[in-house]
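With the hints as extra help, turn the sequences into a complete structure.
Spelled out, the chains give:
There are 2 protein chains.
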Amino acid sequence: MGKTQRRKPILLIALGGNALIKKGQRGTIEEQFYNLRLPVRQIAALSERYRIIITHGNGPQVGHLLLQQEACPEVPALPLEILVAQTEGQIGYMIESTLDEILMDMGIEFRPLVTLITYVVVDRDDPSFCRPTKPIGPGYTREEAERLPYPTIATSKGYRRVVASPMPITIVEKREIKKLLEMDFLIICCGGGGIPVIREGRAFSGVDAVIDKDLVSALLAEEVGADIFLIATDVSGVMINFGKPDEKALHQLDLEEARQHLQSGQFGIGSMAPKVEAAMRFVENTGKRAVITSIAEIEKSEAGKAGTEFV
Amino acid sequence: MGKTQRRKPILLIALGGNALIKKGQRGTIEEQFYNLRLPVRQIAALSERYRIIITHGNGPQVGHLLLQQEACPEVPALPLEILVAQTEGQIGYMIESTLDEILMDMGIEFRPLVTLITYVVVDRDDPSFCRPTKPIGPGYTREEAERLPYPTIATSKGYRRVVASPMPITIVEKREIKKLLEMDFLIICCGGGGIPVIREGRAFSGVDAVIDKDLVSALLAEEVGADIFLIATDVSGVMINFGKPDEKALHQLDLEEARQHLQSGQFGIGSMAPKVEAAMRFVENTGKRAVITSIAEIEKSEAGKAGTEFV
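Residue numbers (my numbering), protein chains in the order written: chain A, 165 to 475; chain B, 165 to 475.
Just so you know, these hints were derived from the structure itself, not from any lab.
Repeated chains share a single entry, so a pair holds when one copy, or any two copies, can fit it.
Computed list of lysine to aspartate or glutamate pairs in EDC-like fashion (alpha-carbon distance at most 20 Å, straight line):
1. Lys338 to Asp391
2. Lys187 to Glu238
3. Lys172 to Glu387
4. Lys321 to Glu238
5. Lys187 to Glu461
6. Lys343 to Glu273
7. Lys321 to Glu307
8. Lys186 to Glu238
9. Lys338 to Asp348
If you want it as structure tokens, here you go:
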């Protein structure tokens, strides 16, 4: 709890799904551990100058668990929020053990590092319970998707199952996370958007949903007073006319422009749109830096040399 | 970090599988949440006088995940240690949210409470990798067991699958856990015995095993300097001649007697034997209190009015 540590700014990094499973991969355990080294190496280097929180998605992993439990009726099925909790354990362990290893490689004798199970309050009347938007699990062809017993949407990875994705209201463990930041703990939390619960009086009950990890990360960044909010994904930053001949990468984006592009449908629902919304929300509410960048350019983006910066 | 808090003794409570799923239950989510209230209510009351660590088993839950992934070849299979990590997330969330609710009910405004993903180093040459002893998953009849593609053993819950269960050597997050205890955090950790890893130079790699949660709890109790180590299970304490006409409950047990009963095979492998070994190990190495008791009598046992105390 030295005074110099207290002065380090706080950096929150939200890792996209491709930090673990890249497009075209099936998602074996070897692939996932191998892929993690690229972002984690950069995060370890940044941890010398920042107090760091890492959050992460769980779309493919939670979809896998859902498929597995549907294939095995002899085991009682668990609700979706419990599967989110399972992915927090799984992915948290994978990130933590990779980070531990890389910190040791860097000669850092001991840096406190924890993975916290996190749950997040949502509103029982959230409109998303009637209109699911969050893609999870593997991509299917159109023909396969038509035979599935649940709703799907078309995404860049094929047709994917969709589930409700309510807005996060508050992170239950935010006070614990703040205390740990004061002591310069590296913290992995809010995995898979956090476990979604509604609060009724003094009771919490889980709900069948997956919260968007970028929106919960923006909220957490705000709740703990982060100085930089960095979203790491599979493209080098925000683009307009994505995939068209006049595609254009944006190095800076002010809130007004961002709002216009969002309204004109420039960004994919369930992919870039929630990232842009999350970055906007953080900048609007705190006046601090938000950056959207690629997994490969986390360090360069911190230095202002890559990614899209929201101003 | 007030001085009065520092003076509270440390109590480590290891919750047995029946804290979540009772004999004869299938293990629906409603059953698991309902069952948890009995031990958690007592732990919440004790948390006013103790700094508390909760550990827990995962036998049925990790067995369920294994069955589910075997039933679904389209999803890449994950190794056993990743399934342990998943159960740490699942059960940790269930205990934490139940405890949060009960603390609120008791009028406690804020008590820091975290669930930590924990991994535990084991020896790659541990003999248990050749001779599996840890029962997981559901119980089967003898006829069913004979048709299963993996080894089983007879237990009080029927024939169950067995996996390797190496001795825990050290808990990777022990320094973090100590720091959190200093700040009077309630801590849920080492779920399912902890995620088993072997250390090779600076790298950790997971291994296909489930560590006994009582043995890892004894080690953790020792590593963090616990004052009382309490194992809560489905019987009221240690018995000799269990299930026979001359069955006898033991209120106190000294190490020498315990060793004799253990050697003469009085205690079931994979059930009471590792509990007795864990309690003995803690008392032997620290000279402090260890108690084996039932889930229903945690508070009474702390007061010395129930359970078996090791002296």
